[in-house]
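Engineer: Here is what each chain is made of, one letter per residue.
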Amino acid sequence: MAKTKQYCVAENWGKGFIEHSESSRIKFAGYPGNVWQVPAYNKGANLWIHKVLGTVKTLAEAQAIVDVEVTAVQTAWDALPDAEKAPAVEGNTRPADIILEE
Amino acid sequence: MAKYKDIHGFKIQNVSSDPPTSVAGDMWYNSTSGDLKVNLGTPVGAWSTGGAMNTGRYALGSAGTQTAALAFGGLPGSGQTETETYNGSSWTEVNDLNTARGYLGGAGTQTAALAIGGGVPGQAIVESWNGSNWTEVNDLNTARFGLAASGTQTSSLAYGGAPNQNVTETWNGTNWTEVNNLNTGRNTLGGAGDSNTSAIAFGGAPGNPATELWNGSNWTEVNNMNNGRKDLGSAGIKTAALAFGGTPPDSGKTELWNGTNWAETTSLNVSGNEAQRGCGVQTSALCFGGQGGGGTATEEWNITGGVSTIDAS
Numbered sequence: 168m169a170k171t172k173q174y175c176v177a178e179n180w181g182k183g184f185i186e187h188s189e190s191s192r193i194k195f196a197g198y199p200g201n202v203w204q205v206p207a208y209n210k211g212a213n214l215w216i217h218k219v220l221g222t223v224k225t226l227a228e229a230q231a232i233v234d235v236e237v238t239a240v241q242t243a244w245d246a247l248p249d250a251e252k253a254p255a256v257e258g259n260t261r262p263a264d265i266i267l268e269e
Numbered sequence: 289m290a291k292y293k294d295i296h297g298f299k300i301q302n303v304s305s306d307p308p309t310s311v312a313g314d315m316w317y318n319s320t321s322g323d324l325k326v327n328l329g330t331p332v333g334a335w336s337t338g339g340a341m342n343t344g345r346y347a348l349g350s351a352g353t354q355t356a357a358l359a360f361g362g363l364p365g366s367g368q369t370e371t372e373t374y375n376g377s378s379w380t381e382v383n384d385l386n387t388a389r390g391y392l393g394g395a396g397t398q399t400a401a402l403a404i405g406g407g408v409p410g411q412a413i414v415e416s417w418n419g420s421n422w423t424e425v426n427d428l429n430t431a432r433f434g435l436a437a438s439g440t441q442t443s444s445l446a447y448g449g450a451p452n453q454n455v456t457e458t459w460n461g462t463n464w465t466e467v468n469n470l471n472t473g474r475n476t477l478g479g480a481g482d483s484n485t486s487a488i489a490f491g492g493a494p495g496n497p498a499t500e501l502w503n504g505s506n507w508t509e510v511n512n513m514n515n516g517r518k519d520l521g522s523a524g525i526k527t528a529a530l531a532f533g534g535t536p537p538d539s540g541k542t543e544l545w546n547g548t549n550w551a552e553t554t555s556l557n558v559s560g561n562e563a564q565r566g567c568g569v570q571t572s573a574l575c576f577g578g579q580g581g582g583g584t585a586t587e588e589w590n591i592t593g594g595v596s597t598i599d600a601s
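Those protein sequence lines, which keep their order, are chains A and B.
In the numbering used here, each residue's number is its place in the first sequence (first place is 1) plus 167.
In the numbering used here, each residue's number is its place in the second sequence (first place is 1) plus 288.
Simulated from the structure, these hints should not be mistaken for lab results.
Hints may be right or wrong, so weigh each one.
Here chain A is said to cover these stretches of chain B; the calculated rule only asks that three of the stretch's residues, wherever they fall, bring their Cβ under 8 Å from a Cβ of chain A [stated by the list, open to error]:
hint, stretch
1, 302–314
2, 502–516
Partial chain B-side listing against chain A, Cβ under 7 Å, derived [unchecked claim]:
hint, residue
3, 339
4, 342
5, 344
6, 553
7, 558
8, 559
9, 593
10, 594
11, 596
Computed from the model, here is a short list of chain B residues facing chain A with C-beta under 10 Å [claimed, not checked]:
hint, residue
12, 377
13, 381
14, 411
15, 412
16, 413
17, 525
18, 527
19, 528
20, 546
21, 547
22, 551
23, 552
24, 554
25, 582
26, 586
Every value quoted in this text rests on a predicted model; they were computed, and no experiment measured them.
Cβ coordinates follow ideal geometry from the N, Cα and C atoms, glycine included.
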C-alpha cells in the first residue's frame, strides 16, 4: 500500500515556519524531536519541506526520534514525587507513547 | 495607476448597506459606514506557527489577545511562577507570580489579568496583574485546581475544577461570591466569556463533550462538542468561541462555536500535545504551551476570507 504520509525533521523557528496559507492547504502534525508529518506525494508538502530545510526521514527513523523524546519526558515524569503527579487531575497523566502512522 | 473601472469596465457600487449576499471578488462602498468592502471568498481558518515561549510548560494560565497575550504559572514539577508576554511575534519574560502553581484559571488582558486558584492540592489564592507585577487579592471561596475562568480583571467567573466540581463563583473586582453550579461537575474544562454575566463552559475530564452557557444567574446545557476532551485550550466569547487541543486523543482538534453548534475545523499543527492554553477571539486566537511537545510551541489562529473592509487610509 502506498504511503499517505511522509516525515521530516525541521526546527520550528516560530513565525513563518508554518504559514496560514500552508496550514489551510496541508495537514501538518508536529511531534517531539522536531518531527513533522505531512502528506506524501503532495506538491505543497514537498515545497514546505524544502522551505524549512527539512531532512526527510523514513517512518522508522522518525519513530525512533520521537521515542527518544517521549522516553525522556516519561523518565522525568516517573522521577517526580507522587504529590506532584497530581492524580486528582485526570489531565495530568504520564506522557503517553506516540505511534506514528504510515 | 489604472482605475477600477478601466480594469473591470464598471465603477464600484455605492450602496447604503452591505448586500445580503455577495460572491468572491465583489467590491462595494458602504456610504453609511464609509467603508470600502470586498468579498475575499469562503472564510478559511487555520493555525500558523508563532514565536516559542521561553519556558516550556503545560496547564498554565492565560489571558489577553493574539497580539497581546499573557502566560503565567503552569507545570511540570510542583508549579511554575514564570510569566511571559507575547507581542504577536515573540515572548518576553516579565515578573513572576508570587505563588508557583499549575492548573490555574486566567482572565483579563495582558495588562490587567487575574490568576485564579490552581496548585496541587487546590488553592484558593488569587493574584492580580497590573501589567508589571502580581499582587495577591481576595481568595476564592472554594480552593481548587483544574478550573476554568473567563471575563475581565474586574468582572470574571470561575467554574468547575478538581475533583469534578461544579462550583461557580463570580468576581466583582473585589470579592468572590458563590453562585449557581454547573449542571455537570468537571475539571480541566474549557471556558470563554467577556464578563461575569456571560460565559460558555465546555469539555473537561474524562472526555466530556458537554457545553453549558452562563447568563449571569444559571448554567444551561446546550449542544455538545463533536469531540469531547479534557485539558483543552479556549478563546472567544459565549456566542463565538474556539476550542482546541486537549486529549484524548492528543490530535490538536479545533472546533468553532457559533452560539448554537460546534463545527470541527482545521487542527493545530503541533500534535502529540495536550494541556495547551490560549486566548483571543474566535477569529484571531493564540495557543501556547502543552505537555508532550516541549511546552514552548505557540500557534496563531486566523480566519481569512469572507467580507473584509479595505483600509483606504
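Engineer: Compare the structure with each hint and give your call.
Structural biologist: The hints, checked one at a time:
Given a C-beta distance limit of less than 8 Å, the hint that chain A covers the stretch 302–314 of chain B is violated, as 0 residues qualify and 3 are needed. With 0 residues bearing a CB less than 8 Å from a CB of chain A, the stretch 502–516 of chain B misses the requirement of three and the coverage assertion fails. Because the smallest distance between the Cβ of residue 339/B and any Cβ of chain A comes to about 4 Å, under 7 Å, the interface hint for this residue holds. Checking residue 342/B against chain A by beta carbon gives a least distance of about 12 Å; that is not within 7 Å, so the hint is violated.
Checking residue 344/B against chain A by beta carbon gives a least distance of about 10 Å; that is not within 7 Å, so the hint is violated. With a least beta-carbon distance of about 10 Å to chain A, the hint placing residue 553/B at the interface is violated under the 7 Å criterion. A distance limit of 7 Å between C-beta atoms decides the matter here; for residue 558/B the minimum to chain A is near 4 Å, and the interface restraint holds. Given the 7 Å rule on beta carbons, the hint for residue 559/B holds: about 4 Å separates it from the nearest Cβ of chain A.
Proximity of residue 593/B to chain A is violated relative to the hint, the smallest CB-CB distance being about 9 Å (cut-off 7 Å). Interface restraint check for residue 594/B: the shortest CB-CB distance to chain A comes to about 14 Å, outside 7 Å, so the restraint is violated. With a cut of 7 Å, the hint placing residue 596/B at the interface with chain A is violated, because the nearest CB-to-CB distance is about 14 Å. Annotation: interface hint on residue 377/B holds; nearest CB of chain A at approximately 5 Å, less than 10 Å.
Interface hint at residue 381/B: violated, since its Cβ lies 16 Å from the closest Cβ of chain A, which is beyond the 10 Å cut-off. Proximity of residue 411/B to chain A is violated relative to the hint, the smallest CB-CB distance being about 13 Å (cut-off 10 Å). For residue 412/B, the shortest C-beta to C-beta distance to chain A is roughly 16 Å, which exceeds 10 Å, and the interface hint is violated. Interface restraint check for residue 413/B: the shortest CB-CB distance to chain A comes to about 17 Å, outside 10 Å, so the restraint is violated.
The restraint placing residue 525/B at the interface with chain A is violated, with a minimum CB-CB distance near 22 Å, outside the 10 Å limit. Taken as an interface hint, residue 527/B does not check out: its beta carbon lies about 24 Å from the nearest beta carbon of chain A, beyond 10 Å. Because the closest C-beta pair between residue 528/B and chain A is about 19 Å apart, greater than 10 Å, the hint is violated. Interface hint status for residue 546/B: violated, as the beta-carbon distance to the closest one in chain A is roughly 19 Å, over 10 Å.
At its closest, the beta carbon of residue 547/B sits 24 Å from a beta carbon of chain A; the interface hint therefore is violated under the 10 Å criterion. At a threshold of 10 Å, the smallest CB-CB gap from residue 551/B to chain A is about 16 Å, leaving the interface hint violated. Nearest Cβ of chain A to the Cβ of residue 552/B: about 13 Å, over the 10 Å cut. The hint is violated. Here the hint on residue 554/B is kept, as its CB sits about 6 Å from the closest CB of chain A, short of 10 Å.
Nearest Cβ of chain A to the Cβ of residue 582/B: about 7 Å, under the 10 Å cut. The hint holds. Below 10 Å, beta-carbon pairs count as interface contacts, and residue 586/B has one with chain A at about 7 Å; its hint therefore holds.
Figure legend: structure checked against the earlier numbered hints; hints not met, in rising order: 1, 2, 4, 5, 6, 9, 10, 11, 13, 14, 15, 16, 17, 18, 19, 20, 21, 22, 23.
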